[in-house]
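Participant: Sequence:
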Amino acid sequence: METLTRHRGTDRDVKGSAASGPGDSGTARTVVVRVLTPLAYVAAVLAAWSAYVSLADVPSYLLPAPGDVLDAGVKLVQDGTLWPNLTYTLRNIVLGFVGGSLIGIALGWVLWASRTVREILAPYMVLLQAAPKIAVAPLLVLWFGLSLTSQYALILLLVFFPMAMATVLGLKDVPADIATLGRLLHLSRWQYLRMIQLPAAVPALLAGAKIAVIDAMTGAFLAEYLASERGLGYLMVLGNTSSDTPLLIAAVLITVAVGLLGFGLVSLAERRLLRGRR
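Residues 1 to 278 (full-length UniProt numbering) are what the sequence shown spells out, left to right.
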């Protein structure tokens, strides 16, 4: 009897290990695919870029080879030029994104709570958002000067609108039965917002944050491009004015990497926060 029990336990262990094996290998395969797929795209672009420059004999001042751009990026790191400019831009993006998000969420709640405010402010918000920011930016420089104030003002203008609209949509996305439960519990407006509305609005807020973080990056680079002596936008201006095309393209690629990083962080937060809802 003891021998039979031992054999049954061994069989269960074998079956358990067999069942977990394919799942583990499948997970590992998925991770490998997610890592290798972007790398394959990058490798294909670099190969096409290098082949075009070589076969078409393109002058380096028009389109340098990938190796020249890499050398320019390495030089930025080695001479200490990259880090002060990169941290300057990242700081502006983070502060502008956080500030614009807070303003947008607060304004979105006001628009949701008051029909009168919504009817008054909504047209002006749409007009402000429709105005080309490349035209608004010089006005901000004229009003606030070549300072951080003009740069943050531009970032806030770009960030607050998607967050405000996401907040309005998210606050409306409360299921009817949950809203009824809140009324039956006699929750105050603050309790209703904190316990019911904000959790229901999280998916919409994260969707708005994906747009807002890219807008914050765009505003930071545009502001630095027009009115700054520091930042990644300044490096683009430096490469352009000095006809240093490898430096210009290296700054552009670093800018793209920063944008992908911001979008990836918001996407990671979205997966973590909404894991239980899927």
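In short, the hints are calculated from the structure, not lab data.
Since the structure is predicted, the reported quantities are computational estimates derived from the model, not experimental observations.
Among these hints, one or two may not hold up.
Said to hold, decoys possible - For each label pair, taking beta carbons as the anchor points, the in silico distance ranges come out as:
#1 149 to 241: 50 to 58 Å
#2 114 to 267: 44 to 52 Å
#3 207 to 120: 22 to 30 Å
#4 202 to 176: 32 to 40 Å
#5 144 to 186: 28 to 36 Å
#6 67 to 133: 31 to 39 Å
#7 271 to 42: 41 to 49 Å
#8 83 to 179: 44 to 52 Å
#9 61 to 39: 28 to 36 Å
#10 241 to 147: 16 to 24 Å
#11 207 to 113: 17 to 25 Å
#12 176 to 84: 37 to 45 Å
We put the beta carbon where it would ideally sit given N, CA and C, even for glycine.
Participant: Run every hint past the structure and note whether it holds.
Facilitator: Structure-based check of all given hints:
no. : hint                   : result
1   : 149 to 241: 50 to 58 Å : violated (25 Å)
2   : 114 to 267: 44 to 52 Å : violated (33 Å)
3   : 207 to 120: 22 to 30 Å : holds (26 Å)
4   : 202 to 176: 32 to 40 Å : violated (19 Å)
5   : 144 to 186: 28 to 36 Å : violated (47 Å)
6   : 67 to 133: 31 to 39 Å  : holds (35 Å)
7   : 271 to 42: 41 to 49 Å  : violated (23 Å)
8   : 83 to 179: 44 to 52 Å  : holds (50 Å)
9   : 61 to 39: 28 to 36 Å   : holds (30 Å)
10  : 241 to 147: 16 to 24 Å : holds (22 Å)
11  : 207 to 113: 17 to 25 Å : holds (21 Å)
12  : 176 to 84: 37 to 45 Å  : violated (54 Å)
In terms of the numbered hints stated before, the structure departs from hints 1, 2, 4, 5, 7 and 12, listed from lowest to highest.
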